[in-house]
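Peer 1: Under my numbering, the first residue of the sequence shown carries the number 1, and numbering increases by one thereafter.
Hint data in this document are derived by calculation from the structure and do not stem from the laboratory. Small disclaimer: the values here were computed from a predicted structure and weren't measured. Be a bit skeptical, because a hint or two may be false.
Below, simulated DSS-like cross-link-like pairs (lysine-lysine); rule was C-alpha separation at most 30 Å, straight line [claimed, not checked]: (1) Lys207 - Lys227; (2) Lys228 - Lys207; (3) Lys400 - Lys156; (4) Lys292 - Lys156.
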Amino acid sequence: MRKFPNSFIFSFSHFTTYPLAIGPAFRDDSFSLDGLTDSITPKDILYDFLAGHNGNFLTLYLARNDPLPSYESNSTRQSHNKPLIAFAGRPFLLLHNLPGDSTSVSTTATAALDAMRQEGMRDNLLIMLGTSGCGKTRTCFEILCSTWGIYFVAGKEYLGSKDIALMESYLTPLMTGNFDNNRSHAEHYTKCALLARLLILDHCVAKSPSFTPQRWMLIQVVQDIFKKMYDYYGDIFSNLTVRLARACNEQIVRKEIWNTYTKLYTKLELNVFPIFLDEAQVLQHILPNHFKSRTVTTEDRPLLSPVVHALVQPTDPLDGLCVVPCGTGLGLMFVRETLLSGIAKQVNSIPRFTNFGGWRDEGHVAQYARAIVDLEYADITKLYQYFPGRFRPIVTCIEKILTGFSVSQAIDFIWDIVTTPRTLKE
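All chains should be built: construct the whole structure from the sequences, respecting the hints.
Peer 2: Listed below in structure tokens is the structure:
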């Protein structure tokens, strides 16, 4: 029997290529934060932003309340317990059976949410770490189905808005040998990305009293699905982020974050507001040698440092805010030093959540798989023998079976993927 290579980590993400938004706003190397005034407010920019096709897109999304598209499988193995979600023409189990009226949040998501609510947590920061395919992203989605929050993702090829992923294109022409200015530009853009999310959330809640955390999560995670439905081309979050970053100064951005967040905190009766930064490890490799440690100015820091600092301290302290960098391949000591040096106040330690678990046994696999596809117990045994541990390989096998693969074909296909060495860029 071939054994799963424990040391090898590979993501089975459904890759989508996104063109970089390189326009005039990304190319003006004369741009200076010192030149921004308070003559234009974020609310002015928001009203103008929503006056055209951006506002039409949000209006349709709120009014129609369309469900995610269903995947119609030709496989005779498909169970009919619950419709499957389609994404890019394929079954997409990452969004299957999300918490809602008839489905509760998993014990893992509940435990992670409890970790964010700990009364003893002095600082609004929690690191979620685990191997690729262990369930980190699904845990984020489940939490955001039951709790208002924000989902950022650092990689261009992953689900979600590209507001953080496009930061490199925005910052590159602004980088100089002045490390303090470099950090200021990175933090300013990040705060504008946060403000853009808060402003759009506030708009959605005001326009639709029935708006739910799950609907808010979906527009953050799979905006592409609804853009196709409503003939919208763009990225509503990154588009607003860039407008804010180019027009609003630091002081007015901080003030508007405070005003909008505290308004939402009261209106939505929040006790915790998670801000996930998924695939955070990507930011370790972007714009190297452009940022320095705040405490040891001779030490280089990755883009991850100013981004997390801006999210942790976007303005004066905010009740319930919890920033959650998530990722794999993040060395615990490296993350600790990177994040601690980016935080101005004294922080001695950062809490970590790592208990994502995996397949416990064949019965656990059977319970999950048979709700989706009809499999013999011998098939369950074979799946578990090849892919014990982390969740994603078996989940991806099931997706392949739904598209018409036999069990053996699906196993061979996924086995070839996980045993083929790949570079970081791949």
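Peer 1: Hint by hint, which ones does this structure get wrong, listed from lowest number up?
Peer 2: none
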